[in-house]
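Enquirer: Quick mapping for you: the protein sequence lines, in order, are chains H and U.
Note that numbering that gives the first Met the number 0 has the first sequence beginning at 0, numbered continuously upward.
Note that numbering that gives the first Met the number 0 has the second sequence beginning at 0, numbered continuously upward.
Check before you lean on any hint, since a few could be wrong.
[Said to hold, decoys possible] Pairs of lysine to any residue residues, derived as SDA-like cross-links and limited to a Cα-Cα distance of at most 20 angstroms, are as follows: (1) 282(H) x 258(H); (2) 246(H) x 115(U); (3) 10(H) x 333(H); (4) 246(U) x 115(H); (5) 246(U) x 161(U); (6) 165(H) x 179(U); (7) 179(H) x 39(U); (8) 179(U) x 161(U); (9) 320(H) x 117(H); (10) 165(H) x 38(H); (11) 165(H) x 23(U); (12) 165(H) x 42(U); (13) 179(U) x 41(H); (14) 179(U) x 39(H); (15) 165(U) x 113(H); (16) 165(U) x 41(H); (17) 282(H) x 245(H); (18) 267(U) x 168(U); (19) 165(U) x 115(H); (20) 165(U) x 42(H); (21) 246(U) x 117(H); (22) 246(H) x 117(U); (23) 165(H) x 244(H); (24) 179(H) x 41(U); (25) 165(H) x 165(U); (26) 179(H) x 246(U); (27) 165(H) x 267(U); (28) 179(H) x 38(U); (29) 165(U) x 117(H); (30) 179(U) x 38(H); (31) 165(H) x 257(H); (32) 56(H) x 16(H); (33) 56(H) x 31(H); (34) 179(U) x 42(H).
Since the hints were derived computationally from the structure, they do not count as laboratory data.
Small disclaimer: the values here were computed from a predicted structure and weren't measured.
2 protein chains.
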Amino acid sequence: MGVVLNIEDGKRPSINRLLELTAADMGRVNELILSKAGSDVEMIPEIANHLISSGGKRLRPMVTLATAQMFGYSGDGHIKLATSVEFMHTATLLHDDVVDESDLRRGRKTARMIWGNQASVLVGDFLLGQAFRMMVDVGSLEALDILSTAASIIAEGEVMQLAAAKNLETTEDEHFAVIKAKTAALFSAAAEVGPVVAGATRTDRAALRSYGMNLGLAFQLIDDALDYGGDSKKLGKNVGDDFREGKVTLPVILCYRRGTAEERAFWKQAIEDNVADDAALEKALALMTRHGAIADTIGRARHFGEIARDALAPLPATPQKAALLDVIDFCISRVV
Amino acid sequence: MGVVLNIEDGKRPSINRLLELTAADMGRVNELILSKAGSDVEMIPEIANHLISSGGKRLRPMVTLATAQMFGYSGDGHIKLATSVEFMHTATLLHDDVVDESDLRRGRKTARMIWGNQASVLVGDFLLGQAFRMMVDVGSLEALDILSTAASIIAEGEVMQLAAAKNLETTEDEHFAVIKAKTAALFSAAAEVGPVVAGATRTDRAALRSYGMNLGLAFQLIDDALDYGGDSKKLGKNVGDDFREGKVTLPVILCYRRGTAEERAFWKQAIEDNVADDAALEKALALMTRHGAIADTIGRARHFGEIARDALAPLPATPQKAALLDVIDFCISRVV
Numbered sequence: 000m001g002v003v004l005n006i007e008d009g010k011r012p013s014i015n016r017l018l019e020l021t022a023a024d025m026g027r028v029n030e031l032i033l034s035k036a037g038s039d040v041e042m043i044p045e046i047a048n049h050l051i052s053s054g055g056k057r058l059r060p061m062v063t064l065a066t067a068q069m070f071g072y073s074g075d076g077h078i079k080l081a082t083s084v085e086f087m088h089t090a091t092l093l094h095d096d097v098v099d100e101s102d103l104r105r106g107r108k109t110a111r112m113i114w115g116n117q118a119s120v121l122v123g124d125f126l127l128g129q130a131f132r133m134m135v136d137v138g139s140l141e142a143l144d145i146l147s148t149a150a151s152i153i154a155e156g157e158v159m160q161l162a163a164a165k166n167l168e169t170t171e172d173e174h175f176a177v178i179k180a181k182t183a184a185l186f187s188a189a190a191e192v193g194p195v196v197a198g199a200t201r202t203d204r205a206a207l208r209s210y211g212m213n214l215g216l217a218f219q220l221i222d223d224a225l226d227y228g229g230d231s232k233k234l235g236k237n238v239g240d241d242f243r244e245g246k247v248t249l250p251v252i253l254c255y256r257r258g259t260a261e262e263r264a265f266w267k268q269a270i271e272d273n274v275a276d277d278a279a280l281e282k283a284l285a286l287m288t289r290h291g292a293i294a295d296t297i298g299r300a301r302h303f304g305e306i307a308r309d310a311l312a313p314l315p316a317t318p319q320k321a322a323l324l325d326v327i328d329f330c331i332s333r334v335v
Numbered sequence: 000m001g002v003v004l005n006i007e008d009g010k011r012p013s014i015n016r017l018l019e020l021t022a023a024d025m026g027r028v029n030e031l032i033l034s035k036a037g038s039d040v041e042m043i044p045e046i047a048n049h050l051i052s053s054g055g056k057r058l059r060p061m062v063t064l065a066t067a068q069m070f071g072y073s074g075d076g077h078i079k080l081a082t083s084v085e086f087m088h089t090a091t092l093l094h095d096d097v098v099d100e101s102d103l104r105r106g107r108k109t110a111r112m113i114w115g116n117q118a119s120v121l122v123g124d125f126l127l128g129q130a131f132r133m134m135v136d137v138g139s140l141e142a143l144d145i146l147s148t149a150a151s152i153i154a155e156g157e158v159m160q161l162a163a164a165k166n167l168e169t170t171e172d173e174h175f176a177v178i179k180a181k182t183a184a185l186f187s188a189a190a191e192v193g194p195v196v197a198g199a200t201r202t203d204r205a206a207l208r209s210y211g212m213n214l215g216l217a218f219q220l221i222d223d224a225l226d227y228g229g230d231s232k233k234l235g236k237n238v239g240d241d242f243r244e245g246k247v248t249l250p251v252i253l254c255y256r257r258g259t260a261e262e263r264a265f266w267k268q269a270i271e272d273n274v275a276d277d278a279a280l281e282k283a284l285a286l287m288t289r290h291g292a293i294a295d296t297i298g299r300a301r302h303f304g305e306i307a308r309d310a311l312a313p314l315p316a317t318p319q320k321a322a323l324l325d326v327i328d329f330c331i332s333r334v335v
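Model the full assembly from the supplied sequences, consistent with the hints where possible.
Expert: Written out as C-alpha cells, the structure is:
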C-alpha cells in the first residue's frame, strides 16, 4: 500500500550524522528534560516521562543544537533552548491529544487515556511555563521573541485547524497556512534560535529560519501521506487514523478537488458524517491511487524540501550543514 | 445566610481610589487587550471577548499599574505587563473551566459551553503565547522571570488541586499550598512586576511581592467562603456551586475535621459520591454554621490580609499605597 520513492543511491537516508554531532549535547538536554519535568506533584513527572520516553526522535532539539554548533557557539544556552523547544512540542502534543480525542500516539496510549484530559491540559501548561523559564534563564531577548511568537502562532494554527475541521472545501493554500502555523513554525523557531544564541548575522538567521519553516512543511505533509500509506509499525500509528478522525489533510483535499460528484459525496459522508469504517478506508485508498493524491502530497513535500535545501546553500560546508541537509531527505524518505 | 462583618466606619470598603488612579492606564490596557486578542482566526477574538467583556474587575492588572506608578514609573512597560497579567489570568480561566467542567462563570455560560472544550484549551494557549510576547516586548528579563515562574507555579498548583480532588483528608496547610500556587502566585507576580519595571529596590520589590501573595490568599479564601454564604447575584455564581462540583475548599476542610463520625460520613457521601442535592446543601450550610466554618475561613483571610497590610507598612504614604490597602479591605468585605 505504501508509495515507493526512488532513493538514488539505493540506501535509505538517515540522520546518523546529526545524531553523532549532537550526541553529547543531547545527553545534557535529556538530563535537563528530566530535571525540569520534575515536581513534588507526582502526576507531573509521571505524565511528562510518559511522553518523553515514548521514543520520539527529538528532531527539533537536535536541530537547535546543530544550528548553534554550526556558528561556533561555545556556551550552554543552546542546551536550554533545545530543551525549551522540546517542552513546547510536548505541551502541544498533550493539548492536541485532548483536542483530537486521540487514544494512541506512537503506538502507546495517550496521556489523556491514562491520566485524563484534565491532567493533560494542566501538565501541558506546566511544561510550557517551564519552557519559558528556561528561555528566560538563557537571557536572550531575541530567542525569547522568536519562541514566544512561535507559541502564539502554533496555538493560532491549532484554532484555525479546529475552525476548518471537516471542511472539505478547504483550499490547498488554506491548508498550507494551517500546517505552517501548527507544525512548521516550531521547526522554524528551533532552527533560528541556534544562530541567534551564537550571534550569527541576520542573513544566516534568515537562512536557518527558512530552512526550518520549509523542513516543517515537508515533515507535516509526509506525516499526512504516511497516514494513508505508511508502515504502521514504524510510524506507531495505524493507516487511516486521520481518516477515522475525519481530518482534512492534503491527500483528502487533493482527492476531493479532483473527484467526481459521486466521489465528493463519498468524502462528505466519510469526513463530515464520520462513515469511516474499513470498507470506506479501502475506498478512500483506491481513490487516492486513482487521483495520485499520495504521490502528489509527497511531491509537494519535495518542493518544500528543495526550498529548505536552497536556504542552506550559501552557507559554508560544515558537518552541521551536511547533517541538516540529511534531515530533509530523511523526513521525505519516511514515506517509503 | 451571609456572615456579617463589622465594617468599622459603617461604610462598605471600595476600590474607588484604585479605579481612579489607574483609569487612564486601564484605558490603554483595554485597548491593548482588544488588539492582542485579535486574530484573523475569528474564533479567537470571539472567545477572548466573551471572557474580557464578562465584567470581571480586572483587579490584577490594576495592581500592576498601581505598583508601577507607586515607584514613579513613567514608561509604558507597565501597560504591557498589566495586559500580560490579565491574559495569563484569562488563559487560566479558560483551562480551569475545561478542567472543572464548569457551565457558568460570573453568571454567564462559560466559553467551553458555547465554543467547546477544544477551542477553550487552544484559545487559552494562544492568550498565554500573546502574554509572553508582550512581556518580551517590554524587555525586562526580571519581569519575564517573575511571570514565567508564576505560569509554571499556577499550572503546578492546578495539577496539585486535581491530584487532591475530593480528598477530604486534605489538611489546611496542604490546601494553603494549593491556593498559594493556583491563585496567590499571580497576584504576587502582578504586584512585583510593577516595582521591577520601575527599577525599585530589592526591599521594595519584596514588600510588593509579599503584599500580592497574601492578598491573593485572602482573595481566594473569601471566594471559597462566598460560595457558601455570599449573595449569588453579586458573585455571579450560585451558593453551593463548589459543593455541587465536589470541591474541597477551606469551609469543607474545617467542617470535616471538626465533625462527628456521622458528619464525616455525610461529607464523604456529598463530596466523594457526589450526593450534593439541595437537601444536602442545606445540611452542609447548617454544619458550617454549627462549626463556625465560614466565620473561621473569613478569619484566616483576615490573617493574610493583615500580613499584606504590614508588608506595605514601611513604604511612604502615597495615593497608590492607600489604594492598595483599600483592595485588602475590599476583598474581605465581599463576603458581607
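Enquirer: Taking the hints in turn, state whether each one holds.
Expert: Evaluation of the provided hints:
This hinted pair checks out: residue 282(H) and residue 258(H) have alpha carbons roughly 13 angstroms apart, not beyond 20 angstroms. Only pairs whose Cα atoms come within 20 angstroms are accepted, and residue 246(H) paired with residue 115(U) is accepted, the gap being roughly 18 angstroms. With a CA separation close to 13 angstroms, the supplied pair residue 10(H) and residue 333(H) stays within the 20 angstroms bound. About 18 angstroms separates the Cα atoms of residue 246(U) and residue 115(H), which keeps this hinted pair within 20 angstroms; it holds.
Taking the CA atoms of residue 246(U) and residue 161(U), the gap is about 10 angstroms. The hint holds against a cut of 20 angstroms. Of the pairs offered as hints, the one joining residue 165(H) and residue 179(U) is violated, with about 42 angstroms between alpha carbons and a cut-off of 20 angstroms exceeded. Restraint check for residue 179(H) and residue 39(U): satisfied, since their Cα atoms lie roughly 15 angstroms apart, inside the 20 angstroms limit. For a cut-off of 20 angstroms, the pair hint linking residue 179(U) to residue 161(U) stands: about 15 angstroms separates their Cα positions.
Restraint check: the Cα-Cα separation between residue 320(H) and residue 117(H) comes to about 42 angstroms, which exceeds 20 angstroms; the hinted pair is violated. A C-alpha spacing of about 39 angstroms is found between residue 165(H) and residue 38(H), which places the hinted pair above 20 angstroms, so the restraint is violated. For the given pair, residue 165(H) sits about 45 angstroms from residue 23(U) by alpha-carbon distance, which is inconsistent with the 20 angstroms threshold. Taking the CA atoms of residue 165(H) and residue 42(U), the gap is near 16 angstroms; set against the 20 angstroms cutoff, the hint holds.
A distance of roughly 18 angstroms separates the Cα atoms of residue 179(U) and residue 41(H); the hinted pair therefore holds under the 20 angstroms criterion. Between residue 179(U) and residue 39(H), the direct Cα distance comes to roughly 15 angstroms. Compliance with the 20 angstroms bound is thereby established for this hinted pair. For the hint linking residue 165(U) to residue 113(H), the alpha-carbon distance of about 19 angstroms falls within 20 angstroms, and the restraint holds. Taken as a hint, the residue 165(U) and residue 41(H) pair is honoured in the structure, with Cα atoms around 17 angstroms apart against an allowance of 20 angstroms.
At roughly 15 angstroms between alpha-carbon atoms, residue 282(H) and residue 245(H) fall within 20 angstroms of each other, so this suggested pair holds. Distance check on the hinted pair: residue 267(U) and residue 168(U) sit about 10 angstroms apart at the alpha-carbon level, within 20 angstroms; holds. The straight-line distance between the Cα atoms of residue 165(U) and residue 115(H) is roughly 16 angstroms, inside the 20 angstroms bound, and the hint therefore holds. At roughly 16 angstroms between alpha-carbon atoms, residue 165(U) and residue 42(H) fall within 20 angstroms of each other, so this suggested pair holds.
As the CA atoms of residue 246(U) and residue 117(H) are separated by approximately 15 angstroms, the hinted pair is consistent with the 20 angstroms bound. Restraint check: the Cα-Cα separation between residue 246(H) and residue 117(U) comes to about 15 angstroms, which is no more than 20 angstroms; the hinted pair holds. Restraint check for residue 165(H) and residue 244(H): satisfied, since their Cα atoms lie roughly 9 angstroms apart, inside the 20 angstroms limit. For a cut-off of 20 angstroms, the pair hint linking residue 179(H) to residue 41(U) stands: about 18 angstroms separates their Cα positions.
Taking the CA atoms of residue 165(H) and residue 165(U), the gap is about 38 angstroms. The hint is violated against a cut of 20 angstroms. Annotation: proposed proximity of residue 179(H) to residue 246(U) is violated, straight-line Cα distance about 41 angstroms (limit 20 angstroms). Restraint check for residue 165(H) and residue 267(U): not satisfied, since their Cα atoms lie roughly 44 angstroms apart, outside the 20 angstroms limit. Straight-line distance between C-alpha atoms of residue 179(H) and residue 38(U) comes to about 16 angstroms, which keeps the hinted pair within the 20 angstroms bound.
A hinted pair counts as satisfied when its Cα atoms are at most 20 angstroms apart, and residue 165(U) with residue 117(H) qualifies at roughly 15 angstroms. Among the hinted pairs, residue 179(U) with residue 38(H) is consistent with the structure: their alpha-carbon atoms are about 16 angstroms apart, no more than 20 angstroms. Taking the CA atoms of residue 165(H) and residue 257(H), the gap is near 17 angstroms; set against the 20 angstroms cutoff, the hint holds. A hinted pair counts as satisfied when its Cα atoms are at most 20 angstroms apart, and residue 56(H) with residue 16(H) qualifies at roughly 14 angstroms.
Distance restraint check for residue 56(H) and residue 31(H): the Cα-Cα separation of roughly 17 angstroms lies within the 20 angstroms cut-off, and the hinted pair is therefore satisfied. At most 20 angstroms may separate the alpha-carbon atoms for a hinted pair to count; residue 179(U) and residue 42(H) meet this at roughly 19 angstroms.
Of the numbered hints stated above, those contradicted by the structure are hints 6, 9, 10, 11, 25, 26 and 27, listed in ascending order.
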